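J.: Protein chains in written order, with the working numbering: chain A, 84 to 474; chain B, 84 to 474.
Calculated directly from the structure, the hints in this document are not laboratory data. Quantities reported herein were computed from a predicted structural model and do not represent experimental measurements. It is possible that some hints are incorrect.
Copies of the same chain look alike in the list, so a pair counts if it works inside one copy or between any two.
Taking lysine to any residue and the SDA-like style, the derived pairs with C-alpha atoms no more than 25 Å apart in a straight line are [what the hints assert, rightly or not]:
#, residue 1, residue 2
1, 303, 293
2, 296, 182
3, 303, 209
4, 181, 296
5, 303, 452
6, 451, 141
7, 296, 184
8, 464, 171
9, 181, 449
10, 417, 91
Protein chains: 2
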Amino acid sequence: HLERYLNAHGHTLGHFPASIYCCTIGGNLATRSAGQMSSKYGKIEDMVVGLEVVTPKGQVIRVRPAPRRATGPDIGQLFIGSEGTLGIITEAALRIWKLPEERVFGAFKFPDVESGVVAMRRIMQSDIRPAVMRFYDELDTALSGSGSEEGGLLDILPLREAASVVKSLVPGFVRTAQRALLSKANLLNLVERFIRDGCLMILIFEGNPELAKLEFEEAKAICTESGAEYLGPAPAQRWFKNRYSVSYKQSKVFHMGAFPDTIELATSWDRVLQLYRHVRSAIAKHALVLAHFSHAYVDGCSIYFTFVAAGMRLEDRLNVHRKVWQAAMEACLKVGATISHHHGVGLVRSEWMEQELPSSFRILEIIKSDLDPQGIMNPHKLGFGRSRGEA
Amino acid sequence: HLERYLNAHGHTLGHFPASIYCCTIGGNLATRSAGQMSSKYGKIEDMVVGLEVVTPKGQVIRVRPAPRRATGPDIGQLFIGSEGTLGIITEAALRIWKLPEERVFGAFKFPDVESGVVAMRRIMQSDIRPAVMRFYDELDTALSGSGSEEGGLLDILPLREAASVVKSLVPGFVRTAQRALLSKANLLNLVERFIRDGCLMILIFEGNPELAKLEFEEAKAICTESGAEYLGPAPAQRWFKNRYSVSYKQSKVFHMGAFPDTIELATSWDRVLQLYRHVRSAIAKHALVLAHFSHAYVDGCSIYFTFVAAGMRLEDRLNVHRKVWQAAMEACLKVGATISHHHGVGLVRSEWMEQELPSSFRILEIIKSDLDPQGIMNPHKLGFGRSRGEA
Chain A
84 HLERYLNAHG
94 HTLGHFPASI
104 YCCTIGGNLA
114 TRSAGQMSSK
124 YGKIEDMVVG
134 LEVVTPKGQV
144 IRVRPAPRRA
154 TGPDIGQLFI
164 GSEGTLGIIT
174 EAALRIWKLP
184 EERVFGAFKF
194 PDVESGVVAM
204 RRIMQSDIRP
214 AVMRFYDELD
224 TALSGSGSEE
234 GGLLDILPLR
244 EAASVVKSLV
254 PGFVRTAQRA
264 LLSKANLLNL
274 VERFIRDGCL
284 MILIFEGNPE
294 LAKLEFEEAK
304 AICTESGAEY
314 LGPAPAQRWF
324 KNRYSVSYKQ
334 SKVFHMGAFP
344 DTIELATSWD
354 RVLQLYRHVR
364 SAIAKHALVL
374 AHFSHAYVDG
384 CSIYFTFVAA
394 GMRLEDRLNV
404 HRKVWQAAME
414 ACLKVGATIS
424 HHHGVGLVRS
434 EWMEQELPSS
444 FRILEIIKSD
454 LDPQGIMNPH
464 KLGFGRSRGE
474 A
Chain B
84 HLERYLNAHG
94 HTLGHFPASI
104 YCCTIGGNLA
114 TRSAGQMSSK
124 YGKIEDMVVG
134 LEVVTPKGQV
144 IRVRPAPRRA
154 TGPDIGQLFI
164 GSEGTLGIIT
174 EAALRIWKLP
184 EERVFGAFKF
194 PDVESGVVAM
204 RRIMQSDIRP
214 AVMRFYDELD
224 TALSGSGSEE
234 GGLLDILPLR
244 EAASVVKSLV
254 PGFVRTAQRA
264 LLSKANLLNL
274 VERFIRDGCL
284 MILIFEGNPE
294 LAKLEFEEAK
304 AICTESGAEY
314 LGPAPAQRWF
324 KNRYSVSYKQ
334 SKVFHMGAFP
344 DTIELATSWD
354 RVLQLYRHVR
364 SAIAKHALVL
374 AHFSHAYVDG
384 CSIYFTFVAA
394 GMRLEDRLNV
404 HRKVWQAAME
414 ACLKVGATIS
424 HHHGVGLVRS
434 EWMEQELPSS
444 FRILEIIKSD
454 LDPQGIMNPH
464 KLGFGRSRGE
474 A
């Protein structure tokens with residue numbers, strides 16, 4: 084594995100997607116991946132300095148590595164996010180970094196979502212570059228629960244009781260939920276307590292030891308000024324230890340008869356709270372919804388919604404899933420945000436591509452029809468091949 | 084002017100090309116511009132979050148602003164560096180920054196080019212982000228001379244004597260030079276003294292006051308460890324004050340009957356010194372050549388060559404100019420570097436585009452022929468319309 088190889092030689096790529104144990108560099112590039120430490124090391128498009136692509140016609144397209152060039156548009160970028168529709172990425176040259184000498188952890192509890200988002204924005208606009216800055220809303224704080232000593236609700240409860248909690252919260256389990264409301268009042272109180280616990284922010288700085296420490300102190304001052312309580316390093320250390328296991332944990336929810344999915348969006352700071360509220364309300368009509376804010380920039384950040392829904396029959400479940408996506412995408416576009424920060428388009432978002440890229444999608448079609456006239460590469464992905472106006 | 088407007092509102096774009104007094108944002112985007120503080124604020128492609136382009140067919144292509152998106156390849160990037168060949172950029176949304184609260188200046192004298200390049204690399208690989216880091220070779224240090232209290236050679240000498248120095252150094256003034264060698268030995272000694280003065284590095288940090296100061300201290304330690312002598316802040320302050328006037332000063336050289344031009348290249352750290360030596364030797368056969376290193380990245384940096392040549396007749400001068408470019412481009416490509424870091428292609432580099440982008444230039448041609456089938460947009464720029472193999 085590339086990251087292990089680099090680590091053994093004192094370096095890191097700085098790219099840590101949750102899928103790190105099963106993904107490939109070609110896949111990271113093709114899907115326009117962004118890792119958990121993107122605020123410090125950049126996203127995959129910032130890491131690539133050269134690549135080679137083989138097109139369906141058998142043409143080999145090479146972009147020679149360079150730290151930067153001004154020799155026309157950056158052609159390599161055309162394949163970052165192409166999701167296998169234009170060619171196969173067969174080679175890439177990537178920027179690497181020295182392994183961090185120091186890693187500083189800290190966690191904070193904010194009274195509400197608003198104050199945490201204000202702090203994130205101030206941190207990013209004060210020349211501070213956290214490697215990780217994740218901020219969880221009340222329910223995400225309660226359920227993922229890195230904030231408490233004991234872990235999250237789902238961690239501390241026995242599976243059967245956790246199932247009751249989830250069932251009591253997830254629409255689609257209506258009758259079960261009503262039962263839970265009556266018989267498991269104590270569990271619901273527990274949920275309440277967790278939710279009143281506020282919103283957790285996790286911060287990690289790494290690299291140059293002196294700079295990492297100072298950046299953390301500067302960020303800490305901003306958080307405190309924004310009304311947050313300092314929780315010490317433990318919750319951030321716990322997150323760091325489990326950072327790749329969250330996605331795999333979702334199977335637990337399947338065993339309960341429900342299903343989880345995630346939707347990540349992004350927008351500028353002035354619209355972040357609006358995006359949060361509108362998409363959350365839109366999803367909440369159909370599913371339990373939690374959210375965290377991450378991948379922050381000088382100008383905005385992404386919001387990562389996790390939803391859990393249930394249905395008695397497969398058909399019901401597909402129907403709910405579809406309704407959630409429809410509601411979330413429409414709310415997102417109405418706010419003027421982008422429909423994907425880093426998960427890509429695939430099939431699930433393809434019908435909204437015309438609205439995401441109203442007049443510029445045609446540019447992709449020009450290239451697609453030249454490089455892959457038969458349309459054999461990953462058909463229907465990215466929205467290719469949909470007739471205009473079908474969306 | 085945008086920067087003045089932003090400053091008045093407490094912000095900055097962070098984009099400072101030497102042409103700032105006469106350029107436009109559309110031009111910066113179309114030419115893939117990089118400003119003097121690119122190490123901190125990024126290049127123009129890092130600043131743009133949305134844009135609108137009108138194509139020759141009258142199509143309006145819009146990319147809605149987003150801090151980042153993963154909805155297919157970044158179509159906006161296709162127009163960054165298009166040099167007016169694909170359409171006119173009519174609107175852009177750019178990231179802005181808070182005005183820096185603090186600015187820290189420092190300058191160093193390195194014994195030679197090698198030690199300075201090592202220090203630049205270490206600085207960039209230690210999580211330190213100078214707003215400005217410029218490192219001048221011996222001759223550039225002597226002639227631009229921000230290093231000395233009195234300024235550079237060309238600043239302190241009366242015009243007539245400066246002309247003699249330049250003439251004594253610039254090939255093409257052979258007979259004059261020989262005269263100078265005999266009659267102006269004292270001037271040449273002065274040049275010698277300046278050149279023995281070593282190589283100047285200028286560092287500027289800005290932004291968050293505590294971080295800027297610490298980053299400067301960290302950089303200072305690296306420079307000192309690399310054998311540099313600390314010169315205090317004055318040379319960097321002097322450079323900052325005159326940062327936009329260098330380009331305009333070149334007219335002085337024209338008055339002497341010579342002509343200057345510049346060539347900026349870029350490559351990875353492992354090839355930077357090789358690039359410097361090979362291109363310098365290649366140019367030195369035809370012209371006086373000075374160089375500085377700037378726009379540093381984790382993985383490499385650019386080298387900015389200034390050359391001064393002369394010729395009795397216009398034809399001679401054009402001939403020398405052509406020979407210098409030919410020699411520099413060939414040496415650059417042989418090392419595997421890129422032929423332009425930020426000045427772009429235009430006409431002067433168009434014949435080397437096939438070698439710069441051996442197999443990927445065709446992608447640009449696909450888009451060009453669809454968006455501008457008549458070829459009316461900025462004809463011949465970027466190498467469009469050259470028959471294959473003509474280069």
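J.: Now, for every hint given, state plainly whether the structure supports it.
T.: Verification of the supplied hints:
1. 303 with 293: both (15 Å within a copy, 14 Å between copies)
2. 296 with 182: Both, since 16 Å and 24 Å are each at most 25 Å.
3. 303 with 209: both (12 Å within a copy, 23 Å between copies)
4. 181 with 296: For residue 181 and residue 296, the Cα distance is within 25 Å both inside one copy (17 Å) and across copies (23 Å).
5. 303 with 452: neither (52 Å within a copy, 54 Å between copies)
6. 451 with 141: both (14 Å within a copy, 22 Å between copies)
7. 296 with 184: Both, since 11 Å and 20 Å are each at most 25 Å.
8. 464 with 171: within (14 Å within a copy, 30 Å between copies)
9. 181 with 449: neither (40 Å within a copy, 40 Å between copies)
10. 417 with 91: The answer is neither: 47 Å in one copy and 33 Å across copies each exceed 25 Å.
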